[in-house]
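Colleague: First to last, the sequence lines map onto chains A and B.
Under this note's numbering, the first residue of the first sequence is numbered 1, with each subsequent residue one higher.
Under this note's numbering, the first residue of the second sequence is numbered 1001, with each subsequent residue one higher.
One thing to keep in mind: the hints can contain errors.
[Claimed, not checked] Incomplete in silico selection of chain A near chain B, CB under 7 Å:
(1) Gly46
(2) Asp109
(3) Arg129
(4) Asp154
(5) Ile158
None of these hints come from the bench; they were simulated from the model.
This one's a predicted model, so the numbers in the text were calculated from it and none came from an experiment.
The beta carbon of each residue, even a glycine, is placed where N, CA and C say it ideally should be.
Here is how the chains run, residue by residue.
There are 2 protein chains.
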Amino acid sequence: MIRNIYTGKVITLNVDTVLLPNGVTVDLETIRHPGAAAVVPIKDDGTVVLIRQFRHAAGGFIYEIPAGKLSVGEDPLHCAARELEEEVGYRASSFKLLSSIFTAPGFADEVIHVYEATGLTKGRQQLDRDEVLEIVEMPLDHTIRLIQDGTIRDGKTIVGLQAVYIRNVTNR
Amino acid sequence: MIRNIYTGKVITLNVDTVLLPNGVTVDLETIRHPGAAAVVPIKDDGTVVLIRQFRHAAGGFIYEIPAGKLSVGEDPLHCAARELEEEVGYRASSFKLLSSIFTAPGFADEVIHVYEATGLTKGRQQLDRDEVLEIVEMPLDHTIRLIQDGTIRDGKTIVGLQAVYIRNVTNR
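Pulled out of the complex, with its shape left as it was, chain A reads as follows (with noise of 0.2 Å):
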């Protein structure tokens, strides 16, 4: 059974009664979203194109890669390509999918896509207005450090760059 607690602009809230494989009965509260694309763009010379952003759940910017909710039955590989082109202003010759992450399974059944978008070219930026973002380029070899010195904190955005790194260390 599904109870309707809310239904946002971005995210709606049940609590399920679920029948767990153990036999045992329990409410489990669910956000439902509708899922992303988030994409970690290499230019030609190895850097990473990323972005600091203002995310009022984290209290203040971040560092993160260029991501967006899918629309409505939208490809995430489309959805990847028009996040891409809007926040950070590339298009990319060639998309590789990395992961598709569970961000938080406990409570939420959201889903990232995580690209890999190599052969860079210029297009337009065009940020939309709850959008507060800067553009900051940085070698590769650079982002793993800030991971591991805690500057570097957004779940998929990790993902994305240990999984490009480790692909380029091992050549598989």
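We have chain A; now place chain B onto it with these hints.
Modeller: Positioned in the frame of chain A, the structure of chain B alone reads:
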């Protein structure tokens, strides 16, 4: 201004009216969560101790590292040690903080503190009635392949496994 929509057992849903740094005012659906701790448990021979856990929001069983919510005022390190023993039955002589990640900063304030745990000795597993999981042990190297082929999809789990792998490969 914060408008409380729902106070649940795990999460609280608010709608916050926020003045952004660009002068725009928006209403943002914001999930408040107590935060959590998670652990990558590494045995002396390099084997990683994972779980396959039933997650309603993810639609079934998924691979994860042991993790749990912080109690009010609880030190994340204490929580990590507690969850390690309760979920997989190990104690550890050493914990190292890898990252404190925002899981979904677009709509939630949840932070998960991700640790590496080494020097494992047998303790006593003690599952809650709503926890349905089995323990799965494998070499660290193999977890990286399961991330790359899409088998391991949990965000905090990928962050932790990749971080340990990168430290091992690069010795930093």
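Colleague: Now tell me, hint by hint, if it's right for this structure.
Modeller: Results of checking the hints against the structure:
no., hint, result
1, Gly46, "16 Å, violated"
2, Asp109, "5 Å, holds"
3, Arg129, "5 Å, holds"
4, Asp154, "5 Å, holds"
5, Ile158, "5 Å, holds"
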